[in-house]
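Respectively, the protein sequence lines represent chains Z and U. All residue numbers for the first sequence refer to the working numbering, where the first residue is 16 and numbers rise by one. All residue numbers for the second sequence refer to the working numbering, where the first residue is 466 and numbers rise by one.
For the record, the hints were derived by calculation from the structure and aren't laboratory data. Heads up, some of the hints might be wrong.
What the hints assert, rightly or not - On the chain Z side, residues computed to face chain U include the following (Cβ under 8 angstroms): (1) Leu265; (2) Leu317; (3) Glu335; (4) Val339; (5) Tyr357; (6) Leu417; (7) Thr430; (8) Leu431; (9) Gln471; (10) Gly472; (11) Tyr474; (12) Ala481.
For glycine and all other residues, C-beta sits at the position ideal for the given N, C-alpha and C.
Listed below, chain by chain, are the residues.
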Amino acid sequence: MTVTLTTSGPLPPEKGAEHTYDVTVIGAGVVGAAIARELSRYQLRTALIDAADDIGNGTSKANTAILHTGFDAVPGSLEARLVREGRDLLADYAADTGIPVERVGALLVAWDEDQLAALPLLRDKAVRNGYHASRIIDADELRAREPHLGPGALGALDVPDESIICPWTTPLAFATQAVRAGVHLHLNCRLRDVRSDAGGHTLTTSRGPLRTRYLVNAAGLYADEIDRLLGHDVFTVTPRRGQLIVFDKLARDLVGHILLPVPGPAGKGVLIAPTVFGNVLLGPTAEELDDKTATGSTAEGLHLLREKGRRIVPGLLDEEVTAVYAGLRAATGQEDYRIQEYPALRYVAVGGIRSTGLTASMAIGRHVMELLAATGLDHGEPHPLPPLTMPGLGDASPRPYLSARLIAGDPAYGTLVCHCEQVTLGEIRDALASTIPPNSLDGLRRRTRARGGRCQGFYCGAAVRALFEEARP
Amino acid sequence: MTRNAREVDVLIVGGGPAGLAAGAELAAARAGRVEILEREREAGGIPRHCHHGGFGGRLDRSAYAWASAAGSAYARKGTSGPVYARRSVAAALDAGAALRTGVTVTGWAGPRTVETSGPAGLERITARAVVLATGARERPRSARLIPGTRPPGVYTTGELQQAVHLYGQRIGTRAVVVGDEPVGHAAAATLRAAGVEIVAMVTGRPSPPFRLRSPRTPLLTGATVTGLTGRTRLSGVELRHDDGRATTLRCDTVVLTGDFVPDHELARRGGLVLDPGTRGPAYDAAYRTSRPGVFAAGNLLHAVERAGFAAGEGRAVAVPVLHRLAGTDHPAGGGRPLVVDAPLRWIAPNMTGPDGERPHGGRFVLCTAWRLPRPLLLVSQDGRELHRERQLLTAGPGRPLTLGADWVDRVDPDGAAVRITVL
Numbered sequence: 016m017t018v019t020l021t022t023s024g025p026l027p028p029e030k031g032a033e034h035t036y037d038v039t040v041i042g043a044g045v046v047g048a049a050i051a052r053e054l055s056r057y058q059l060r061t062a063l064i065d066a067a068d069d070i071g072n073g074t075s076k077a078n079t080a081i082l083h084t085g086f087d088a089v090p091g092s093l094e095a096r097l098v099r100e101g102r103d104l105l106a107d108y109a110a111d112t113g114i115p116v117e118r119v120g121a122l123l124v125a126w127d128e129d130q131l132a133a134l135p136l137l138r139d140k141a142v143r144n145g146y147h148a149s150r151i152i153d154a155d156e157l158r159a160r161e162p163h164l165g166p167g168a169l170g171a172l173d174v175p176d177e178s179i180i181c182p183w184t185t186p187l188a189f190a191t192q193a194v195r196a197g198v199h200l201h202l203n204c205r206l207r208d209v210r211s212d213a214g215g216h217t218l219t220t221s222r223g224p225l226r227t228r229y230l231v232n233a234a235g236l237y238a239d240e241i242d243r244l245l246g247h248d249v250f251t252v253t254p255r256r257g258q259l260i261v262f263d264k265l266a267r268d269l270v271g272h273i274l275l276p277v278p279g280p281a282g283k284g285v286l287i288a289p290t291v292f293g294n295v296l297l298g299p300t301a302e303e304l305d306d307k308t309a310t311g312s313t314a315e316g317l318h319l320l321r322e323k324g325r326r327i328v329p330g331l332l333d334e335e336v337t338a339v340y341a342g343l344r345a346a347t348g349q350e351d352y353r354i355q356e357y358p359a360l361r362y363v364a365v366g367g368i369r370s371t372g373l374t375a376s377m378a379i380g381r382h383v384m385e386l387l388a389a390t391g392l393d394h395g396e397p398h399p400l401p402p403l404t405m406p407g408l409g410d411a412s413p414r415p416y417l418s419a420r421l422i423a424g425d426p427a428y429g430t431l432v433c434h435c436e437q438v439t440l441g442e443i444r445d446a447l448a449s450t451i452p453p454n455s456l457d458g459l460r461r462r463t464r465a466r467g468g469r470c471q472g473f474y475c476g477a478a479v480r481a482l483f484e485e486a487r488p
Numbered sequence: 466m467t468r469n470a471r472e473v474d475v476l477i478v479g480g481g482p483a484g485l486a487a488g489a490e491l492a493a494a495r496a497g498r499v500e501i502l503e504r505e506r507e508a509g510g511i512p513r514h515c516h517h518g519g520f521g522g523r524l525d526r527s528a529y530a531w532a533s534a535a536g537s538a539y540a541r542k543g544t545s546g547p548v549y550a551r552r553s554v555a556a557a558l559d560a561g562a563a564l565r566t567g568v569t570v571t572g573w574a575g576p577r578t579v580e581t582s583g584p585a586g587l588e589r590i591t592a593r594a595v596v597l598a599t600g601a602r603e604r605p606r607s608a609r610l611i612p613g614t615r616p617p618g619v620y621t622t623g624e625l626q627q628a629v630h631l632y633g634q635r636i637g638t639r640a641v642v643v644g645d646e647p648v649g650h651a652a653a654a655t656l657r658a659a660g661v662e663i664v665a666m667v668t669g670r671p672s673p674p675f676r677l678r679s680p681r682t683p684l685l686t687g688a689t690v691t692g693l694t695g696r697t698r699l700s701g702v703e704l705r706h707d708d709g710r711a712t713t714l715r716c717d718t719v720v721l722t723g724d725f726v727p728d729h730e731l732a733r734r735g736g737l738v739l740d741p742g743t744r745g746p747a748y749d750a751a752y753r754t755s756r757p758g759v760f761a762a763g764n765l766l767h768a769v770e771r772a773g774f775a776a777g778e779g780r781a782v783a784v785p786v787l788h789r790l791a792g793t794d795h796p797a798g799g800g801r802p803l804v805v806d807a808p809l810r811w812i813a814p815n816m817t818g819p820d821g822e823r824p825h826g827g828r829f830v831l832c833t834a835w836r837l838p839r840p841l842l843l844v845s846q847d848g849r850e851l852h853r854e855r856q857l858l859t860a861g862p863g864r865p866l867t868l869g870a871d872w873v874d875r876v877d878p879d880g881a882a883v884r885i886t887v888l
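All chains should be built: construct the whole structure from the sequences, respecting the hints.
In structure tokens, the structure reads:
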């Protein structure tokens, strides 16, 4: 296994056929990584490039971490189909690779008569989306299943297959498998310009030129700008900011399901959901912005979330907050994805992948592969990818600190470094030596949970930083 | 079975000042197998990385928490934190306590049975008495709900001190210290030791509670942190001043000091009743929690007091633990809860005992949400006055007040909760 992963210096030279990539995917978020993984099954020279220093470093790292059923998608839309297909693909993939997933189910809680009246319509919509397991439950059953819910809930739509998933392990698994199968990953590689000709494209990047025959634009928030570099003016990405509050693990017992709002005229509202790490998530806000870098939280946003959260699960507000973050969703003013192939250009644009992108990622990967084939890419026969096992970071995963067998084999798995999240020296060491190692403390946190707990580094921050700095050349 | 099961007489969870002192006292009293579990590689607790003086002197003014800055009046007495920590460890070992570092209690498997994980494997330890001494931590930026971006360069004092004193890490060039309690001055001293320029110390208080010891630290009063800026590195701290002005201090480092919370996870996971004020286990003057045979000591009970106070509690908890081991303890229950009215936030201990014990040092400790110049405290039960007491000093959020305890004999064991009010 030869791994090509670069983070600095010039890209492979452009001259000569052996230095031309067959396909280059711009954007190593969950969608780009899934596309790269799909491409890696074929005898192709593929590059995956990203402007950031890590995979999944944009929209993919700051979302609500839900594996959707697609019950509430727009029936007949591309999104509805890819979410439905992607959900099954990702659920199976997660089971195979150890990506933390918990099928906790969702309840769409109705707080007034209008919302209650909307539940049958939502159930019918679910059926039109091919999802038949949802049903309406009354206030008593709702209370019995969610005893910490605030007063006034009238009923709910029960969607038992909605699940929670680790949003960081998923793109990392895709990219790891892709890179191990020969995909070149170039990080810190920002696209500046594209020049297209009969033979393909020459990309000008912050790390020099890159030549490719086919191009896939999976650049998330920047997909519109790259689309324009290729001469199109089809869509505009308006960043929609979602601020989220993560509560302490001691709050986990307050919430059994993903508690979804009933969409209505007042907007989509906020949800409360458990996370696979055993925390509780409250959010997101939905703020239309111009600035694609505005990933900060605001006092107003946090206040709004707390007010809404207080009504849904009042006890939640008494718990300590572990983290606050904000992510930007790539809204395009259309209630569907914008995936478009351009055969003459040997180019596929993958735009407008909204909050369902995590769920749909693997189906988007397959779909893009079909579109590339339709644009003339000769890809040959697929070969199976070697199996992959990701570190079990989830609350329900077999964690090393609880494994007598692992500890007996290597005491580093019994040496706890991050106490709040029970992260061991062995896990940190493994992450630092992994196929796609972290380039920052945040990257290490996403791979291990180290310093991601309630103390946020009060106890372990300096020790974790020391391990990280030791491992870097 | 992959988990090794053992039994001990006393299990102490946490090897900081309180846990080590409890271990030393109990081992010296021949309490049988006394075992202290410490999850860090080195025992000693917070003092390990407090390189300022003031620990364990006659005045033991390690000054409200692990606090006072180097060069302060307090620092002339006592010793430095690391020396204090080493002495505390040596005292426990010399007395015959077993100290096991790098061992983490991961949960409960019975009323006085815990599960542990460490490099040597997994264990299940059952004790005749358990003492929880898990301490307290500063609330980080997220728990304080400070908005803005999430760049590197944001510290608590605990992380800062470890980074500088235990690991010699590079910190930054210009820092803002949030909080002007003694712990804030300790953070400032650590920053200076690391060669970091201090832009300002920021506090929401209208005026400093004591005269500035160091003119090198500009103090901004009446200011609240409203946001952090910066992307790859912190670039500024946004402030709102009491007069409505908004400013931004340019800096690459910010240290959020004080605002301690007890590390109560193990207590909560064990189903112990918590006090709503302290958020530590509810306990009486004999350090009894709601679970028979489970005791607590140190800053888990009241975040936070100075190291010497926690150690004193560690020594004091030995007496009720020995009674427990001898079967001469009072039956549980019968105590009345102590509740406080705003602006008081909590009182510790927060139960009266069944046998009229006085708290450590003969006085209760109270915490207030805002500054109170020479407050008058009233203790009452069912509208009946039990005690009133004028404080001689000004109390504030980082400066606990204390209350005499002789009135506990007048508490009606069948009456309502005892109420403490500021008149």
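Hint check:
A distance limit of 8 angstroms between C-beta atoms decides the matter here; for Z:Leu265 the minimum to chain U is near 6 angstroms, and the interface restraint holds. Hint on Z:Leu317 holds. Least Cβ distance to chain U is approximately 5 angstroms, under the 8 angstroms limit. Taking 8 angstroms as the C-beta cut-off, the interface hint given for Z:Glu335 holds, the closest approach to chain U being about 5 angstroms. Given hint, Z:Val339 at the interface with chain U, holds; its Cβ is 5 angstroms from that chain's nearest Cβ, closer than 8 angstroms.
Interface hint at Z:Tyr357: violated, since its Cβ lies 34 angstroms from the closest Cβ of chain U, which is beyond the 8 angstroms cut-off. A distance limit of 8 angstroms between C-beta atoms decides the matter here; for Z:Leu417 the minimum to chain U is near 7 angstroms, and the interface restraint holds. Restraint check, Z:Thr430 versus chain U: the minimum CB separation of about 5 angstroms is within 8 angstroms; hint holds. A hinted interface residue such as Z:Leu431 counts as satisfied when its beta carbon comes closer than 8 angstroms to some beta carbon of chain U; here the least separation is about 5 angstroms, so the hint holds.
Taking 8 angstroms as the C-beta cut-off, the interface hint given for Z:Gln471 holds, the closest approach to chain U being about 4 angstroms. A hinted interface residue such as Z:Gly472 counts as satisfied when its beta carbon comes closer than 8 angstroms to some beta carbon of chain U; here the least separation is about 5 angstroms, so the hint holds. A cut of 8 angstroms between beta carbons decides the hint on Z:Tyr474: the least distance to chain U is about 7 angstroms, and the hint holds. For Z:Ala481, the shortest C-beta to C-beta distance to chain U is roughly 5 angstroms, which falls under 8 angstroms, so the interface hint holds.
The structure does not agree with numbered hint 5 stated previously, though it agrees with all others.
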